[in-house]
Structures are given as C-alpha cells and as structure tokens.
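Engineer: Chain by chain, the residues:
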Amino acid sequence: MNWLITENKKRVNISEIPVLNFPNLREEIIKINKRVIGFFGKQEEENVRLFVVMADDIEGKLYISSSVFAKEEKEYESITQEIPAFHVFEREFYEEFGIEPKNHPWLKPMRNHKNDYKFFEMEGDEVHQVAVGPIHAGVIEPGHFRFMCHGEKIYDLEIQLGWQHRGVEELMISSPSNQLAESICGDSVIAYNLAYSNAMEALGDCEISNKAQLIRLIALEMERSAIHIGDLGAIAGDIAYLMGASIFGATRTLVINTMLEISGSRFGRGLITTGGVNFDIDKQLSEKIVSVLNKVATDVERTIKTMLKSPTVSSRLEKTGVVSEEQAKSLGLVGMAAKASGINLDSRFDFPDKWYQDVENRTIKAEGDVYSRTRLRYKEIKQSFHIIKKLLSKLETYNDEPMNVYVSSSKPDSFVISITEGWRGEVVHIALTDSQGNLSRYKIKDPSFNNWFALAMAVRNNGISDFPLCNKSFNLSYCGNDL
Amino acid sequence: MLETLKLRIYQGQQFIKDIPNAQMREQFRGFPTIVDAQVDVGICPTGAISNNPLSIDMGKCTFCGACARKCSSIKFSNYYKLASTDRNKLIITPNMTGEEYNKVAFEVRKEIKKVFGKSLKLRQVSAGGCNGCEMELNACSNVNFDMGRFGIDFVASPRHADGIVITGPISENMAHALEDCYKSTPAPKIVVLCGACAISGGVFQNSTKLNRAFLEKYPIDLYIPGCPVHPLTFINAILDFISA
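Sequences listed follow chains A and B, in order.
Position 107 (the first sequence) corresponds to 107 in my numbering; numbering is contiguous.
Position 50 (the second sequence) corresponds to 1050 in my numbering; numbering is contiguous.
Since the hints were made in silico from the structure, they are not lab data.
Cβ atoms here follow ideal geometry from the backbone N, Cα and C, with glycine treated the same way.
Some hints here could point you the wrong way.
Residues from chain A shown here face chain B by an in silico Cβ test under 8 Å; the list is partial [claimed, not checked]:
#, residue
1, Gly98
2, Ser265
3, Phe267
Modelling step: build the complete structure from the supplied sequences, incorporating the hints.
Structural biologist: Written out as structure tokens, the structure reads:
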C-alpha cells in the first residue's frame, strides 16, 4: 500500500500512513494524477517527515502518504517540473525545512523576507517597472506587486507576499482556540472556525448535534453571500459604477446585521465553538432571516441586472483579466477562481456531508474573465440563499437537540483532514496529534495559497489601470496565505 | 438610464442620521458590565480578565462572550462607544456603565480640536490585520455610516494624511513599512490603534513573529477596542477625540 485512502473529517492513526522513500513517493504522486491539497513537513527529532495529501474530487476521497528525510538529506528532485501546481507547496516546504527541491523553476521566498531578493526584470526600450506596496492605497492588507510594463501594458506581474505572517501554525499548537481560528483570516471567520472545530471534533471522535450542524452551515452560507455582495460592490466601485458600489454596500449591511442578530458579531464571531454553536436560531429569528434574505435577493437581482445591461460596465468586465481553463488546471486553482475558468471544484459537493446532498449545483458559462467572476458571485449568492432557506426549514425538526455537546480530548497519534468550502474556495486544515493527544502539527491551506499566481497570469497583456479591477475580481486573502 | 433612475429612487436614503446616538442591536457585544466576583481567568483566550477586583481589559478583549457564558457576574452590554485616549482606562472595573466610562475616557486636548476638528485625513496601515478591522473601516465610508460627512476620510498616501490608523498585531515583516509610513506623514500627526490585535496583540500576543517596537517608540493618541471594531465604535471614537 502506497497510500492511505480516507475521507474528509475522518480521524486516522498516523501509524497507518505509509512511509515511502522519496523517489517512490514522487513517482506515485505523478502516477495517481490527483489534486494536491497538502504537502508539508513535520519535525520528528532529527528527521523531517514529509506528508502528502492528494484529493480525488470525483470520488470524494483523500489520499495520504509520506516520506522521511534524514538530517543530512537536504535535497530532492522537485515535483513541480512534472506538476506545476506543486510550485507553491514546494517553495513553502523549502522555506520551512531547508530541504531543497532540485530543478524547481522559481524557488523564491514565500513568507520570509530577504533583502537581497531580486525581482524578475525585463529590459528594453520603454520598458519600466511599477512597484506597489506593501502598503496599498486602499484600506486593505499588505502585499508587494512588481509590474514590468511596456507603456501601459503589463508584461509580467510578480507578487511578493509574507508581510502578514503572524506564525499562526505555531500558535495553533501552543494555544489553539476558536478565537484564534476566527482571526486567521477575518473575512472567512465562519469557514476557518468551522474547519478548526470539525478537525477538533474528529480528533475527539465526537459527533455534534444536527441542530448545531445546520446553524453552522447557515452561517457559512450567510458569510459567502455577504462577502460576494460586498465584492460585487467593490467591482462596481473599481469601474466607477458608483451606484452599484453604494447599493451593494448597503445590501451587504443587511446580511451582516442579520448575522449580528444571530451571534452578536457582524462577521459571526463567537457563533461556532468546538462541540457545537453558542447561539440558537429560534422560529422568530428564522422568519426574520428569510424575510431579510428575500429583500436582499430582490435588491441584488435588480441591481446586478441593471448594472450588467449597461454597455460601459460590460466593456470593462468582458475579456478583462482572462485565465484560461488550461492555465487554471495546470496551476491547480481552486474555488471561485477555478469555477470562473470552467473547473467545477467545490468541496461542498465534492466531499458532501448529508446536508448538501440534495442541493443542485449548476455551473455557469465560464470564460475566465472578470465578467465570469462577477456572474459567478451573483449565481452563488442566489444558491446560498436557496441553501439557507432549505436548512432553516429543516432546523425546526431538531428543535429539541442541544446546541453543544461535550468534546472529549483529542485521541493520540492521529491525523485529520478537515475541508470547508469558504467563499473563496476550499479551506483545508490538517491536524496531527502526538502520543499525549496534544496537537503536534497544524497545517492550514487557504484557497488563496493556490490562487495568487492566477492573478499574475490574469493581468498579463492587460492595461495596468485594470489591475485593481482584476485584483478585486479574485479578492484573494493576504493573511490566509501568509498565516 | 430609466432603469437606473428607478433603481436609485427605489433605494431611497439609507444613511444613519444621528451617528452619536445611533441605536445598536441588542445582541451586539459591546461594553462589558461586571460585578465583583472571583472568576476563573483561564476562560479568557487572550488573558483579558483579572481578579481582585474583577476587571476586563478591553484592549485585550475580543468580545467573544466566552466569559459571560460561564459566569453571571460578567455581561456584555450593547454600548458601543469603547474608545479611550488612555490605555489604562480600557481596563474596566466592577459597577461601571458604558455611559460613565465614555464620560471619562477622553482626555481633553484643545490643540486636537483646533487642528483636526473640521477635517481629519487618515492613512490606514494593516500590519498583520486579519481583514476584519479592515472591512469594518471600509464600511465606515459606505452609504450607511458615511463617515465623510464629518470631514473624516481615509486617504491613499501618508503624505496626505493627518495621522495613521494601525490594525493588526504588527508582524515583524510589516514593522519597517509601518515606521516608514509614520515618518512619511507630515506633523502634526496622530496615531490610532484599532482593534484588540493592534492594542495588545490580541489572540496573537504570544507569537514570536511580531515586532511591536513601534508602539514603544512613538506616542499613541487613541485606542479603539473591538474584534473587529464596529463602524459606529470607530466613527464615534474619532468624533469624541476631535471634539473633546
């Protein structure tokens, strides 16, 4: 057995995970042709154990294997040469453990900043550089963008991140908490806390109540719709369609204020806890949510239809910032960025739990441009509202169930993969415990980790003035990437 | 065009007319009110609670409500004016109401009102911020809260700013850029710490990847608690500060 085959949110013993020598593991990875979602090291005394997790999105299965690097083994043949999607995983592994992937095409730093790092440069008449950041013009997180332009046309964009690095994975081991999980990426509070709580419950072999599961997923879909509405406003703002920016901004307020009525926080902080939820949704609140969502649905539909009918809008969105399906596949994009380029990846449906099984998942006509990413948001808002109403109607059946159940302490020597579909895409948390049952490694992968390179591809041959629009159409996370 | 106009009329006016007296939903977790008791301080993930007498440090508090669920002597009111010009005043002791706190939270500085009272332009620096406070600061300028009506705006360059608003626990990697930004802001200038992470490190206070030396080096003018800071908390904090 070269792989241990498991499922989402299922605990396995670390001792069951095969250990291959690296050339064999590399061959296996290339042979099974699945999608990489985890490639990370763990210090084991003097050795480094490399874990690899591959996803089979069609069967809904996860493949785990591993390899051990002894202290003196400091290099291996890079996998990126064969599968480009590994590029960012191998860069991260190299930065954290100093084991070099030989013949990696571009082994630049991930998060640790080195002053002597030399950006890719182009030379020629009228070629010039534009450096932006780390502090940007708007109220957003920091990152550095280096453009190589010819006139106003972008030939190449190099993105340097890591400014937000707060050492989250180490903190998750020394002082794990729901509050910390919520602050890893503050625009995906529910998704992150859900991924963390699911992981902890799986480590404790605990099943939470149906009621708590439903309330969590209602919150997850509310988070998705609220952010998507805000993003439609931001896209409208970046093309100076100010009415759209104003209306979507005000409409988003209705959704997040409803979240405040559920949980006391506009972003749902404090709602989810390991073992269940802290707040109930009673019949009265449930009716209120439905009536707010009905109004929001009407407003969003009316505004987006008016907006997209305007030729000045469509001329800015169509064929801008294109990522082809082929590029998206080879870069290993996930979530919204993948869907907008025609790859239908969505862990809600690929690794479904019982609540999503009867939800229809229709795809959109995907061209990979800003327009597709805008349309996709509109489609997902409608879909989320449909799901929320469905889940709310089921909630009454489980009225008598508890909000919280006791979660026993984590089982020792265990390994859990917890995938949650946040609004950007899959949020992957992988938790390992030691022989005492304490967390010994906590690996987080935000969808942005895969997707940042897509932004660099999207802006090629576009005018530099369209960069903010392209950037907003992806709306990737800095802190989710930097951790 | 007609569609656009109809849509505009249908939307009407949505701004909050009276920001200083705006009604907050009762579920909001704002100012903590406490009666003296012995509490297991370990229930707080950021160490904001102390005993003898029982106190809550709003500079560390994430307003998660975990303590109030465990202990009846702590309650979170929906009072949202949480800011202070003095770090020590953020530590809330028993039997204090939000209104009483707000009355003493601001130290009057005449020159602030004179220089910034009618117009205050701010440069925001996210230094390890999780995008929670950043989203709420953006919301301050939306049609509901419309902070611009008071002459308060976020500007694109520190060169145009009268002060900087810091969010996040200040990661090592951002320390240099933050200081650069501060130095690029023309004097007289103010520094505002926004959110639990900026004020105390919040849930990241034990991280080894932070560099908070900036806070020792330069004077801080205003502390705005929250996780994240609610737009009403932020706008009222600035209004109280420039009109105190």
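Engineer: Now tell me if each hint is right for this structure.
Structural biologist: Quick rundown of the hints versus the structure:
1. Gly98: violated, 18 Å
2. Ser265: Status holds, d = 7 Å.
3. Phe267: Holds: closest Cβ of chain B sits about 6 Å from phenylalanine 267 of chain A, inside 8 Å.
Violated hint: 1 only; the structure is consistent with all others.
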